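Q: The lines below spell out each chain.
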Amino acid sequence: MSVMENPSDLITIQGQWKFDYTYFAGEHASRFFRELRENRKIMGTRCPKCERLLVPARGFCDACMERTTDWEEVGPEGTLETFTIITAAFPGLPKPPIIMAYVTLDGADTALINLVHGLDLTNIDAAAAKLNSLPRVRVEFVDDPQGRITDFSFRLI
Amino acid sequence: MSGAAIIGVGQTGYRRSFPDKSSRELIWDAAEEALEDSGLGIDDIDVILAGVAPDALAGENSVERSGMMGRGKPFMRINTGGVTGSSAVLAANTFVLSGRAKAVLVVGLERMGQATSSQQVFNTIFDPVYEKDFPLTTITMAALRASMLMRLYGYTERHWAQIASRSLRNALKNPLAHMHKDVSPEDVLNSPMLAWPIHRFEACPMSEGACALVVTNADLAKGRSAAWIQGAASTTDSYAMGDRIRRPGANLVDLLSLRMSAERAYRQAGITDPRREVRVVELYSAFSSAEAMAYPALGFCAPENGPRFVEAQFEDESLPRFNPSGGPQGANPVSVTAMVRIAECALQVRDMAGERQVADVERAVATGQGGATQFSTVCVLGRRPVQ
Amino acid sequence: MAERPQVWIEGVALEISWADPRRSLTDLIFDTVRAAVDDAGRGFDNIDSVVLAAHDLVDGRSLSSMVTAPAAGAYLRDEIRYGDDSAAALVAGITRIESGESERTIVAAWGRAAEHDVDAVSRALFDPVLLSGLGLDELQIAAMNAQRWRQDGGDLSHVAAAQARRAANARANSRALAEGGRRSAPSWPLEVDHLPLWADVVSAVVISGRPSGVKIRGLGQSSEPYWPGDRELARAPALAAAAGLALAEADVAVSEIDMFELDGLTLYDEAVAFEAVGLAPHGQGMQVLAADPRCNPSGGSAAGYCAPAMGLARVVEAALQLRGTAGAIQQKQPKLAMASGSSLVAQQTQTVIVMEAV
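Chains A, B and C, in that order, are what the protein sequence lines are. The first sequence begins at 121 in the working numbering and counts up by one. The second sequence begins at 29 in the working numbering and counts up by one. The third sequence begins at -3 in the working numbering and counts up by one.
To be clear, the hints were calculated from the coordinates, so they are not data collected in a lab. It should be emphasised that the depicted structure is a prediction, and the values quoted were computed from it without experimental measurement. Careful, some of the hints might be misleading.
[Stated by the list, open to error] With a straight-line cut-off of 27 Å between C-alpha atoms, the simulated BS3-like cross-links for lysine-lysine are: (1) B:Lys130 with C:Lys211; (2) B:Lys250 with B:Lys130; (3) A:Lys138 with B:Lys49; (4) A:Lys215 with A:Lys250; (5) C:Lys331 with C:Lys211; (6) B:Lys49 with B:Lys201.
Using the sequences and the hints given, assemble the complete structure.
A: If you want it as structure tokens, here you go:
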């Protein structure tokens, strides 16, 4: 049974959902970003128990619930494990087509996500076939690193 | 006799938006239907559990509170992302098994019709320290996996399309579903590409709606049409997808958390041969390609035989039926989707699924997935309690 | 029906800090969860379940448990997250032990006030259709409650003393926030010192069915209606009901409880809480807060506050007292303790736990 006789009398109320946050990156992420900016190095930290080198660097290993210890550099090359080619535009994202992939850099036990360059995307299926063959990639830094994850990307070699 | 059972189900049905309903009204509608189905009144309910996932989708903080019912009852909200709906049912099961509740009302609500862009919201689920700058979305996450499945096991885009088409055609028989479109595999392959290799019709719609269940102990289930919770388990995996890629024995597409949950739930239920002992599977797969990861995890086939298993579904009547409701491709009210899987399994077991009823459902399995397929739940429902 | 298994608190930890730039939220969570597990003394053996309390809007992440649960030990375990006060999460954890589903469970909760805008999040709690246009927030509701309490004849003569005792307790409590933190702007009749000290809080316990120092004797939960206008102002009936249930299960009277850690957003909420559980008649709650050493020796919300970590924080403070390890604020050999936690909106749902030292 309807409470309102005329459906066009149903109102909507505009609203915005916006909250500001200040995320503390912590000393591990802070150092990771500083190494990107100052030394163009990608760093991982080692879990003393399972001995994995975790990249990006972090303060603890969640599998073992242990604090990490040693810092080690990884790369500059690695293997592209899986990817996607983004062909549709979404709000807030770079213009398509772009390639996003997980890469295990040499020395690391975990994979890192970033954008990939160096592939002609005119034929998407051919590009996908190439990317789906565990190709090797090399890290490429921007000219002026800022201490953000976007300071580097991967290039197919 | 012990154990817990679902004796009441309520669903508002799912669509893009309900412009004539407030959040409270939606919850009430589903709850009222579930209570009536159960034969209990609100005063018989000992605890109310509400499952609501991202507040940002509704633009209302603690939107579930508008649905508090009865007087002075314990009321708790659960938020585990995509698995919220099933986490809430599993928590209800636990309350009943602990003896602290004889009857629990579980409600879930999705109000994403109030959001202008859900993908923007979904982008905020990722790590703000290391991942905020990337186009990480549920779509690109699924695409990363689909590529890997194709490389490892020989799936093709056609397999994804066949699964999507099957789900959407099943939804035609479900009046509650959001999507009612007769879509062929060709139609799926011709739909726009979202992120390679995922086509639009393989993704799920943005749906609103509410679902409610009444879970009781064995005494209250006696003499009523009941779907017994024979097994229930939940497992959480590591957050970082990159950590799972090279993990020995359990890589990114191995769905370890689902496999572990299935093993525990099957063991509780006494299932040893799922391919023969399970008649219906309501799978939480937000993308048709994601369904493929579930088959080996649920013990239906070896991973490398997945493509053959997809093809066999269209040929072999003896295999379990997947997503007779249409699954998440038919309707995806995020907070509720995992609960809907359980609700649909309950209806199937109780012979109350109308046109989408599968014959002779002695046992049904419902799964839930959340986060970057990080959380997995498995719920086994059956006509009898476990002895 | 078979006896319900007894549940014990094996390990506890609580950290209240402010804006520590060396640690991310996950680092804070890891530190306190590790501390609770270490306190239990059995490592991670047989820890098979994790129950969390955290709120997405507090954490600034739309499914915050995705990123944060691993820091709380969720890896390959049965983990669930409640978007409600952590004392309720503890109840959920207790049911896991009682049902036989879990052998040992971690219960953890957090809220980091230094990362989010507490007032903005609080305003968003209110129904956007009918209420939020008014800019209402939790503290304004608390102020209205305080005013109603005064109007109903609340005894104001002890307000200053109650606040002074609260502040002194917080100063003496080694776990309280010594420096930093933030307070919102008070609405009349509240004064700034009556308000909670917003802080970064992480609380954690480990529970199991194996005998340990602190036994769960009873618990109770209740709730009030959604609309502020439907609720009984200045009375906390949900807390009264929950306390009654917990005491009944424990089979003790409130007069037998040796110490209380009751959650309240403001000084007035704490006073009303003591009335609601039956320690003081209506209107006299300030007097017990001012003079009764059993009441919130931790300093309550003046020691540092961030929802939804507080119910569990109250439980941890009570457990430390029962074990005799509360430090400078230790009360003399308490045997029975009561702790409570309250949820949004304006303490609408309440959970009470009664514990015993063994």
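Q: Determine for every hint whether it applies to the structure shown.
A: Against the structure, the hints:
For the hint linking B:Lys130 to C:Lys211, the alpha-carbon distance of about 24 Å falls within 27 Å, and the restraint holds. A threshold of 27 Å between alpha carbons decides the hint, and for B:Lys250 with B:Lys130 the separation of about 13 Å falls inside it, so the pair holds. With a C-alpha separation of about 24 Å, the suggested pair A:Lys138 and B:Lys49 falls inside the 27 Å cut-off, and the hint holds. Straight-line distance between C-alpha atoms of A:Lys215 and A:Lys250 comes to about 22 Å, which keeps the hinted pair within the 27 Å bound.
Only pairs whose Cα atoms come within 27 Å are accepted, and C:Lys331 paired with C:Lys211 is accepted, the gap being roughly 10 Å. Note on B:Lys49 and B:Lys201: the hinted pairing holds, with a Cα-Cα distance of about 25 Å set against a maximum of 27 Å.
Going down the numbered hints, you'll see the structure goes against none, and every one checks out.
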